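Since the structure of chain B is provided, determine the placement of chain P on it from the hints.
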Amino acid sequence: MTMGKKFWQRALLITLVCLAATGTARATAGEEAAEITDGDCVYRLYDASGAYLTCRAGRMYPGDEYIAGDNRHYRISRVDDAACAAYGEIVTDDAGDVSAAYLAELSSLWSARAEKGDKGLICMYSTHSDESYVPGDGTSSKWKNAGIYDVGEAFGEELEKQGYRVIYSDETFLPHDTGAYARSAATAQALLKKSPEALFDIHRDGVSAEEYETEVEGEEISKVRLFVGRSNANREANMAFAKKLKKAADAEYPGLVKDIYMGKGNYNQELYPQALLLEFGTHEIEKDKVMESTGYMAKVVDQVLGGTASAEKDAGETKGSAKAIVWVIVLAVVAAGVYALAATGRMGDVWGKMKRSLSELTGGSAGKRK
Amino acid sequence: MIVTGVLIAFGVGQRALDRLRLTDTQAFVVIALTIALGFVPAIPLGRVQVNLGGCVVPLALCVYLFVKADTAWEKGRSALAAVVTGGVIWAMMRFLPNEPERMWTDPNWLYGLAAAAVAWVLGRSRRCAFIGGTMGVLLAQTASVILVWMRGVNQPLTLGGAGAFDAVVIAGVLGVMAAELAGEITERIVRGKKRPSRVFRDGAFVDPGKEERK
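Each protein sequence line maps, in turn, to chains B and P.
One rule links them: number in our numbering = place in the first sequence (from 1) + 1086.
One rule links them: number in our numbering = place in the second sequence (from 1) + 42.
Excised from the complex, chain B in its bound form (with noise of 0.2 angstroms):
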C-alpha cells in the first residue's frame, strides 16, 4: 500500500468520525442551531406522582439531582426527550435539615457578629456575557452592555455594604458558544489567585417569569437559583456550600433561593470548592425584580460567610475535597495502565511497566528501574 493510500483512507476514516461524533453531539443535544434561543430547550421534572416540580432551560438528565424549595431531594431516574420531560424519585425529605437549633444557632450568630472592617474577598464573572432580561434591556440576549452585567454589580455592591471587598470581572466571553467555559476558566483562575472567600459565576434562567416571581419581606423580587455541576471533582463541596446558603435564605428570607438544581457539566466548579453558579432570575421577569433580589442575597451570602457554621464548612469541604483528590488519582492510574497495556500487550506485563515509568518519574526513587 503506498503512503498515498494510506493518507486519504486515514482522511476519510477521521472525516467520517468527525462528522459521527459532531452529529451525535447534536442529536444529544437535541437542537439544531449551536447558541441556545431562550424557551426552546425547557425541560420539565415531575416527581413519581406525576406532581410537576420545576423546569430548567437546559436537558435534564438520568443522574441530576434536584433539591426543591421545600427542601425535599430528587434524583432523576428517567428522561424523556421526545416530551422534554424528567421524573425524579424522592432521595430524602428533608434535605436541608433546617433544624430548630440551628434556626436559634443563626438568629444568635446573626445578631451578635460584630461589624467587622474587612469581612474578605469575594470574586464573580458571568460566562454568559450576553445574558439579558427582555423587560428591562429589550431583548434576552445583548453583546454589549448585556443586563446580566447590572445586577452583577449591584450583588456586588451590596456584598461590599456587608463588609466584602468584591472583584466582578467584566471581561466577557463571547459567543455564547461551546468555547464559553473554557475562556472564563482562564478569569476565574486569575480570581482564584487572590484567594476569594467565594467564586460566583452570575447568570439568569431562560423560563417564565412566573418560576421566579417571589415576595419577600412584602417586596416582589426574583428568586435566585444556586446550580452545582455534577461532573465535577468539587461537586460535594460546592453542594454543602449551595445547602448551607439555602439553609439561610430559608430561614432568614424564605422564598429567597428557588432551590438547588445539580446537573452534568462542571461549570468551571472543579476550580474551588466555594465556587457557584447563581441563576439571578430569568429572561422573562423584570430587572428591577431582580435588582431587588441582590441585596437579600448579600445578607444570605454573609450568614454563610461570615463566620456562621464554620466547623460544618470546614469538615463538608475537606470530605469533598479529599474525595476528589481521590478521584484524580484513580483516573490517573487507570490512564496509566490503559496505556502500558497498549504498549506492552500482555496484563501480567502492565504492572512492571508502570513500575518502570514510576522510577524515571522519580529519578530511580519509586518504582524499578528494570
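It should be emphasised that the hints constitute simulated quantities derived from the structure, not laboratory data.
Remember, it's a predicted structure, so these values are computed and weren't measured experimentally.
Yeah, the Cβ is synthetic: ideal placement off N, Cα and C, and Gly gets one too.
Treat the hints with caution; some may be incorrect.
[Stated by the list, open to error] Residues of chain B placed beyond 10 angstroms of chain P at every Cβ, according to the derived structure:
#	residue
1	Tyr1138
2	His1159
3	Tyr1173
4	Val1177
5	Asp1223
6	Glu1239
7	Glu1246
8	Phe1259
9	Glu1283
10	Glu1296
11	Asp1374
12	Gly1392
13	Ala1418
14	Val1420
15	Trp1437
[What the hints assert, rightly or not] Here are some chain B residues pointing at chain P (derived, C-beta under 8 angstroms):
#	residue
16	Arg1145
17	Tyr1147
18	Lys1228
19	Trp1229
20	Asp1256
21	Thr1258
22	Leu1260
23	Tyr1267
24	Gly1315
25	Gly1349
26	Gly1351
27	Tyr1353
Here is chain P on its own, set in the frame of chain B:
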C-alpha cells in the same frame, strides 16, 4: 487538590515531552516553567493578554520542535497540522453544544483528541500532534475573538490564561499522549506480540533487519 493536579501534570507532561524526544532535563525545565510562569499574571499587549506559562512556553516549544524538524516535509506537515487542527477546533467551538450539561466530555479533551487525529492522518507524528494541539487552540481562540471584535465588542483575547491547566497546554500534551496511545494500539494490532522491528538509535528509528540485509 492543587498539589495532586501539579504532580499529575508533571508526570503526564514528562511522559509527553519524553515522546517528543526531549531530554529529562529539557522536559523538567519546560514543565517547571509552564507551571511556575502560569501563576504570573497575564501580560497585556493591547487587547491581547498573554500568560507566560500557558501560552509563551508551549509556543516556544512549538517553535523549537518546528526548527528541529529534519525535513521540509516534516516542517510542512507540522504547519499544516496547526492550521487544520485550528479549523477543526474552531468548528467544534462553534457547532458542538454550548452548555456543559450537553457536552459529552470536556471540550479541552476533544481539542487534544482532534490534534491527535489530525496528526495521525498526517502520518502518525507526535510532533504534529503537539504543534497541532497547541497552535490549533491558539489559532481557534484568536479567530473566535476576531469575529467578536468584528461585531464591535471590545473583548480581550486571553491566550493561555489558565496557565498549566489551560486548553493550550492540555490540547498539546493530550494530543501527544493520544497519538502515542493510538500508535501503540495500532502497532499492537498489526505486530501482535512480536518484538518491534524498528529501534530508536542516534535520534531516528532504524530497522536492524534491513541494515543486516544490506
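Going down the list of hints, with the structure as the test:
For Tyr1138/B, the requirement that its beta carbon stay farther than 10 angstroms from each beta carbon of chain P is met, with the minimum near 21 angstroms. Its beta-carbon lying about 19 angstroms from the closest one in chain P, His1159/B satisfies the requirement of being farther than 10 angstroms from that chain. No Cβ of chain P approaches the Cβ of Tyr1173/B within 10 angstroms, the least distance being about 17 angstroms, so the stated non-interface status holds. Interface exclusion of Val1177/B from chain P stands, the closest Cβ pair being 20 angstroms apart, more than 10 angstroms.
The claim that Asp1223/B lies off the interface holds: its Cβ sits roughly 16 angstroms from the closest Cβ of chain P, which is beyond the 10 angstroms cut-off. Taking the minimum C-beta to C-beta distance to chain P, about 18 angstroms, the non-interface status of Glu1239/B holds against the 10 angstroms cut. Against the 10 angstroms criterion, Glu1246/B stays outside the reach of chain P, whose nearest CB is about 23 angstroms from its own CB. A cut-off of 10 angstroms between C-beta atoms contradicts the statement that Phe1259/B is not in contact with chain P; the least separation is 8 angstroms.
Once the 10 angstroms rule is applied to beta carbons, Glu1283/B is consistent with being away from chain P; the minimum gap is 17 angstroms. With a minimum CB-CB distance of about 23 angstroms to chain P, Glu1296/B clears the 10 angstroms threshold, and the non-interface call stands. Every beta carbon of chain P lies more than 10 angstroms from that of Asp1374/B, the smallest distance being close to 26 angstroms; the non-interface claim holds. No Cβ of chain P approaches the Cβ of Gly1392/B within 10 angstroms, the least distance being about 25 angstroms, so the stated non-interface status holds.
The Cβ of Ala1418/B sits about 5 angstroms from the closest Cβ of chain P, inside the 10 angstroms cut-off, so the non-interface label is violated. The claim that Val1420/B lies off the interface holds: its Cβ sits roughly 12 angstroms from the closest Cβ of chain P, which is beyond the 10 angstroms cut-off. Distance to chain P confirms Trp1437/B as a non-interface residue, since its nearest Cβ pair spans about 17 angstroms, more than 10 angstroms. Below 8 angstroms, beta-carbon pairs count as interface contacts, and Arg1145/B has one with chain P at about 5 angstroms; its hint therefore holds.
A hinted interface residue such as Tyr1147/B counts as satisfied when its beta carbon comes closer than 8 angstroms to some beta carbon of chain P; here the least separation is about 7 angstroms, so the hint holds. Of the supplied interface hints, the one on Lys1228/B is violated, with its beta-carbon coming no nearer than about 10 angstroms to a beta-carbon of chain P, more than 8 angstroms. Evaluation of the Trp1229/B hint against chain P yields a held restraint, the C-beta minimum of about 5 angstroms falling below 8 angstroms. A cut of 8 angstroms between beta carbons decides the hint on Asp1256/B: the least distance to chain P is about 10 angstroms, and the hint is violated.
At its closest, the beta carbon of Thr1258/B sits 5 angstroms from a beta carbon of chain P; the interface hint therefore holds under the 8 angstroms criterion. Among the interface hints, the one on Leu1260/B holds; its C-beta lies about 5 angstroms from the nearest C-beta in chain P, closer than the 8 angstroms criterion. For Tyr1267/B, the shortest C-beta to C-beta distance to chain P is roughly 6 angstroms, which falls under 8 angstroms, so the interface hint holds. With a cut of 8 angstroms, the hint placing Gly1315/B at the interface with chain P holds, because the nearest CB-to-CB distance is about 6 angstroms.
Taking 8 angstroms as the C-beta contact cut-off toward chain P, the hint placing Gly1349/B at the interface holds, the least distance being around 5 angstroms. For the restraint placing Gly1351/B at the interface with chain P, the shortest Cβ-Cβ distance is roughly 3 angstroms, inside the 8 angstroms limit, so the hint holds. Using the Cβ-Cβ criterion of 8 angstroms, the hint placing Tyr1353/B at the interface with chain P is satisfied: the shortest such distance is roughly 6 angstroms.
Consistency note: the structure conflicts with the earlier hints numbered 8, 13, 18, 20.
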